[in-house]
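Visitor: The whole structure should be built from the sequences, with the hints applied where relevant.
Protein chains: 2
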Amino acid sequence: MRLSPRHPRYASLRVRGALARAQSAGLVVAEGLIAHGRGEAFDYLLGERTSASARRAERAAAVWLHAARRPVISVNGNVAALAAREIARVVRADPHIRVEVNLFHRTLARARRVARALESAGVAPVLGVRPTARIAGLPSDRARVDRDGIYAADLCLIPLEDGDRAEALRARGQKVISIDLNPLSRTSRVADLPIVDELRRALTHIAEDLERVRSPPAGGIRDRFDARGARAEALRTIGRTLTREARRRSPRGRT
Amino acid sequence: MRLSPRHPRYASLRVRGALARAQSAGLVVAEGLIAHGRGEAFDYLLGERTSASARRAERAAAVWLHAARRPVISVNGNVAALAAREIARVVRADPHIRVEVNLFHRTLARARRVARALESAGVAPVLGVRPTARIAGLPSDRARVDRDGIYAADLCLIPLEDGDRAEALRARGQKVISIDLNPLSRTSRVADLPIVDELRRALTHIAEDLERVRSPPAGGIRDRFDARGARAEALRTIGRTLTREARRRSPRGRT
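One line per chain: the protein sequences are A and B, in this order. Numbering follows my numbering, in which position 102 of the first sequence is assigned residue number 230; successive positions increment by one, without gaps. Numbering follows my numbering, in which position 59 of the second sequence is assigned residue number 187; successive positions increment by one, without gaps.
Keep in mind that the hints were calculated from the coordinates and are not lab data. The structure displayed is predicted, hence computed values, not measured ones. Think of the CB as a built atom: it goes at the ideal place given N, C-alpha and C, for glycine as much as any other residue. Please note: incorrect hints may appear among the correct ones.
Below, a sample of chain A positions facing chain B; criterion: calculated Cβ distance under 7 Å [unchecked claim]: (1) Pro-133; (2) His-135; (3) Ala-139; (4) Val-143; (5) Ala-158; (6) Leu-161; (7) Gly-165; (8) Arg-166; (9) Phe-170; (10) Ile-366; (11) Gly-367; (12) Leu-370; (13) Glu-373; (14) Ala-374.
Guide: See the structure below:
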């Protein structure tokens, strides 16, 4: 069945198709598809657009990334499949940001595929294909990182990541920026700077902000971010969607 | 990595694993995994339990199924993978309910696999493997149904179905019971009787209710169901979850 651009869900159906193909190509795993569905539900409830609060978080993220001494973006299969180009744009805007493959379901073949997807989009170098260090607090393979990447980072941007990993980084004293559509997830709760927005919108905004920054890195992150306020604002946005939708009549005026 | 039964998300991780295996077995497609993720998000927001309102809907569904002249349950890949046993239990409790394979992404091989999963659980006969009729208002393959099943049904129970199909059945004057965790979905909006609950919980309750019914079929569905009220109640439940979660502090007391 061909997908018509006039379909009301065209954009999200296209993304679904891309992820399904990424799974066939060995980039994305089944759990990644299910996780994407959870994100879709929250994006729908958030009105499928960047809220003013999320936009503020994205601006703060650009400032933090710019000011950090060793900022790293952690990339898993879903992120590579959905937003390799946006990652590349962020790194072009600020080349001192490093990019590391970090997989929950790690195999060397999959790590290589994720790296290749990033390299094809223009990211180089890509760290983490052959991990050289371990971080505490995570079981087995999930602890494996790059000694010059996440291991040594003062700031990690972790899009679409799990709560265990977010907690393990925080426990090491590293600052964490999350991108996660679920404001209630452990990842969003743990992050110093939770961005509650769709991945590609968030990365595009961060890249735009970084492209505008002209001053040299400020030598470390000094300001704080009201993480709790940002999550509360996302919950209020969802609440407004529910109230509005509850008032809507059924299709064709049926009740 | 082995899954510990003490993991806080054990139940949902187990279901994810089962669906991933069902995809490898050709029963479930990539889009089905994404749809499952959307359901997970809504179930989480609904507190992962059957609300009093959903329970009332399930009781009404049992009455309707029992009273219908030609009730049919439509089964897709996800439903067969998740709840073949529960479908079998419903049909054992009321053998005049028929079961039909109905796939969005139809191939003969996949229809056969879905039928086999149902038959292994004890459902016989399974209609719809080789469709014998078409219903109006749906494109191409999705319109194909069984002349003695969905085509002739006065009542269709459509778990985890898309809005187009729900609308096409309604347009033919057939009564529709949906099982869908999203109270805002077109399926839930279109259904005469929307059950906003998790698939296996809903089917188990319907089976329990049918097992208690002793009178002969009442000769058609006479009562009406407050579909709009049921959806509004589900939205209020989600609203309560959001309010409660917004008050919770971050993990480890961080803000």
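Visitor: It remains to establish, for every hint, whether it holds in the given structure.
Guide: These are the hints, each one checked on the structure:
With its C-beta approaching chain B no nearer than about 16 Å, Pro-133(A) sits outside the 7 Å limit, and its interface hint is violated. A cut of 7 Å between beta carbons decides the hint on His-135(A): the least distance to chain B is about 10 Å, and the hint is violated. Residue-level restraint check for Ala-139(A) is violated (minimum Cβ-Cβ distance to chain B is 14 Å; threshold 7 Å). A least Cβ separation of about 9 Å between Val-143(A) and chain B goes past the 7 Å threshold, and the interface hint is therefore violated.
Because the smallest distance between the Cβ of Ala-158(A) and any Cβ of chain B comes to about 4 Å, under 7 Å, the interface hint for this residue holds. About 4 Å separates the beta-carbon of Leu-161(A) from the nearest beta-carbon of chain B, less than 7 Å, and the hint is met. Taken as an interface hint, Gly-165(A) checks out: its beta carbon lies about 2 Å from the nearest beta carbon of chain B, inside 7 Å. The interface hint given for Arg-166(A) holds, since its Cβ lies 4 Å from the closest Cβ of chain B, which is under the 7 Å cut-off.
For Phe-170(A), the shortest C-beta to C-beta distance to chain B is roughly 6 Å, which falls under 7 Å, so the interface hint holds. Among the interface hints, the one on Ile-366(A) holds; its C-beta lies about 6 Å from the nearest C-beta in chain B, closer than the 7 Å criterion. Annotation: interface hint on Gly-367(A) holds; nearest CB of chain B at approximately 6 Å, less than 7 Å. Because the closest C-beta pair between Leu-370(A) and chain B is about 5 Å apart, less than 7 Å, the hint holds.
Restraint check, Glu-373(A) versus chain B: the minimum CB separation of about 5 Å is within 7 Å; hint holds. A cut of 7 Å between beta carbons decides the hint on Ala-374(A): the least distance to chain B is about 5 Å, and the hint holds.
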